[in-house]
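Q: Generate the whole structure from the sequences, applying the supplied hints.
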Amino acid sequence: MSEGHSTYTPKTGLGRWFDARMPLPRLVYDSFIAYPVPRNLNYMWTFGGILSIMLVSQILTGIVLAMHYTSDTALAFDSVEKIMRDVNSGWLLRYLHSNGASFFFVAVYIHIFRGLFYGSYKAPRELLWILGCIIYLLMMATGFMGYVLPWGQMSFWGATVITGFFSAIPLVGNWIQELLLGGFAVDNPTLNRFFALHYLLPFMIAGVVVLHVWALHVVGQSNPTGIEVKSKTDTVAFTPYATIKDAFGMIVFLFFFAYFVFYLPNYLGHPDNYTVANPLKTPAHIVPEWYFLPFYAILRAITFNIGPINSKLGGVLCMFGAIAMLFLVPWLDTSKVRSAVYRPWYKLFFWLFVADAILLGWLGSQPAEGSYVFMAQMATLFYFAFFLVVMPVLGLIETPRRLPNSITEAVLEKKNKGAGGHPAGAVSAPETKG
Amino acid sequence: MSATDIHDPNRRDFLYIATGMAGVVGAGAVAWPFIDQMQPDASTLALASVEVDVSSLQPGSSLVVKWRGKPVVVRNRTDKEMKDGAAVSLNDLKDPIARNANLPADAPATDANRTTPGKEAWMVMVQVCTHLGCIPLGQEGDFGGWFCPCHGSVYDTAGRIRKGPAPENMAIPVFKFISDTKILIG
Chain G
964 MSEGHSTYTP KTGLGRWFDA RMPLPRLVYD SFIAYPVPRN LNYMWTFGGI
1014 LSIMLVSQIL TGIVLAMHYT SDTALAFDSV EKIMRDVNSG WLLRYLHSNG
1064 ASFFFVAVYI HIFRGLFYGS YKAPRELLWI LGCIIYLLMM ATGFMGYVLP
1114 WGQMSFWGAT VITGFFSAIP LVGNWIQELL LGGFAVDNPT LNRFFALHYL
1164 LPFMIAGVVV LHVWALHVVG QSNPTGIEVK SKTDTVAFTP YATIKDAFGM
1214 IVFLFFFAYF VFYLPNYLGH PDNYTVANPL KTPAHIVPEW YFLPFYAILR
1264 AITFNIGPIN SKLGGVLCMF GAIAMLFLVP WLDTSKVRSA VYRPWYKLFF
1314 WLFVADAILL GWLGSQPAEG SYVFMAQMAT LFYFAFFLVV MPVLGLIETP
1364 RRLPNSITEA VLEKKNKGAG GHPAGAVSAP ETKG
Chain S
2 MSATDIHDPN RRDFLYIATG MAGVVGAGAV AWPFIDQMQP DASTLALASV
52 EVDVSSLQPG SSLVVKWRGK PVVVRNRTDK EMKDGAAVSL NDLKDPIARN
102 ANLPADAPAT DANRTTPGKE AWMVMVQVCT HLGCIPLGQE GDFGGWFCPC
152 HGSVYDTAGR IRKGPAPENM AIPVFKFISD TKILIG
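Taken in order, these protein sequences are the chains called G and S.
For the first sequence, this note's numbering gives the first residue as 964, with consecutive numbering after it.
For the second sequence, this note's numbering gives the first residue as 2, with consecutive numbering after it.
A portion of the hints provided could be inaccurate.
[Said to hold, decoys possible] In silico lysine-lysine, PhoX-like type, Cα no more than 25 Å apart, as pairs:
no., chain 1, residue 1, chain 2, residue 2
1, S, LYS120, S, LYS84
2, G, LYS1299, G, LYS1377
3, G, LYS1208, G, LYS1378
4, G, LYS1244, S, LYS71
5, S, LYS95, S, LYS183
6, S, LYS164, G, LYS1244
7, S, LYS177, S, LYS84
8, G, LYS1244, S, LYS84
9, G, LYS1310, G, LYS1299
Quick caveat, the hints were computed from the structure, so don't treat them as lab data.
A: Below, the structure is given as structure tokens:
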């Protein structure tokens, strides 16, 4: 759908002069005004725009926070308290930044689950999906290093545990861990390099976002039916239709964000992080930020040796494997039908997977003892089974529902039903259609 | 076309390969300082050994020093603790290796191998849980040794893992008594 010719015609002399030399206004016009989007996009498709503003918001608040922050173990904690108490509006900027990270992840998780539900990763959108996975990885690295900067107890011990993962790698593990830490334990060199990288990575994310959007504009957006755009009646112009819908989605999202910033600013944090880091005393219960909890639960679920792999390395491999699954999804899903709307069994397993991910998150916040361990092991098993068994097998044995012939037909069908009328033609009882 | 379609290695091929190799070596030489700077620096390595005065430690008391950013416990064990530690059969140990940097890597985890000859009362040990790096509490848990509050690992009076998720005995660093009251760690 992107191969359509540009319809941009500069109206002024200056516009024509510019267009002949560097057609940036043409690029913007073609990408965000005339760009055709499927007419049936629902609110799940507004999260790309929401993620963009969250990235911009994080970069803006982050840059101004960096003007007041000191990345030295003796001063870091106090400099954050100084931001909270002395710097004008510092409390607001810091709460925007710390809660902004959480809401960035809220949005990215909805965005990823939307992709899994509607099969957005299927050909020709594999590369688009993988670029998204890379952004997610970069976000995790950025979020982790950002959490270390306030130099509280959770900062320190979270960094100790997470860099400890690398020591599980055979032979070179300890060397890699020392390379990351710049010493034998988390200390001043660690804090300094984490600050430098925490400043760098968001710009790398922005770079990959450009590639992500580029790939999106080559293959076009997917849509709730999963049927490719076939004619002009299947699409509407980006502006005003998608622009207004995105704007409304953003406002609702920012409403929730603002509620947390102003009324529950520490709800998603951990009280131990308001205690300065102490390398000689461990908090009773180390938990990472909420957005890492499902992976933390998977890490701790491996309490047994698997052949030559000991439990520690096994846990680390499973944790990274859980993320690696996402990269493989375009090839694990064998179904020719994209959208779960037309895949009754996949739809069921998708929601079970969502429940499983939430269960893992809850288990990650609980102590790793007693029945929690067994539950985490079962939930981990289902997590991997969803990708490695359900996705490939279901595509082969599932009978999908009848697909509409086009997006336009799907929209009109829905409209007729909504109006209480009967769908035209042979579209009765689609759930029984083989 | 020329008569020689079979491509003989000639001077130009040699130049391509030589240039390519020089490029690879050059790129490596430029990349290395960027990796090297991340390794522990001189000031960090300078802290790689510490001297501890243990003259004040009566049996049953311990002190903790920071070595390489980690806590190292020095404990003057009581007679009972030593007896308990020596009474354990190697078969009861989850990790039968001494993990003592002063001994060969495969030395068995006997009570004697966890200490130093002639100074069996003294435990010198990196007080970091081998599970996920938390700091266990001293003289707690079922075996009167150490107990990690994070995930419930229990160590005995010689710092050996007895129960819980930790895979190994707590590490014993390189150390020696430089006099009766002074220990050099590292």
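Q: Are the hints correct? Go through all of them and say.
A: Each hint, compared with the structure:
1. The suggested pairing of LYS120 of chain S with LYS84 of chain S holds, with an alpha-carbon distance near 14 Å, which does not exceed 25 Å.
2. Using a Cα cut-off of 25 Å, the hinted pair LYS1299 of chain G and LYS1377 of chain G holds, with the two alpha carbons roughly 23 Å apart.
3. A distance of roughly 19 Å separates the Cα atoms of LYS1208 of chain G and LYS1378 of chain G; the hinted pair therefore holds under the 25 Å criterion.
4. With a C-alpha separation of about 10 Å, the suggested pairing of LYS1244 of chain G with LYS71 of chain S holds against the 25 Å cut-off.
5. For the hint pairing LYS95 of chain S with LYS183 of chain S, the CA-to-CA distance comes to about 32 Å; that exceeds 25 Å, so the pair is violated.
6. Distance hint between LYS164 of chain S and LYS1244 of chain G is fulfilled; the C-alpha atoms sit about 21 Å from each other, no more than 25 Å.
7. This hinted pair checks out: LYS177 of chain S and LYS84 of chain S have alpha carbons roughly 23 Å apart, not beyond 25 Å.
8. Between LYS1244 of chain G and LYS84 of chain S the alpha-carbon distance is near 29 Å, which puts this suggested pair outside the 25 Å criterion.
9. A C-alpha spacing of about 15 Å is found between LYS1310 of chain G and LYS1299 of chain G, which places the hinted pair at or below 25 Å, so the restraint holds.
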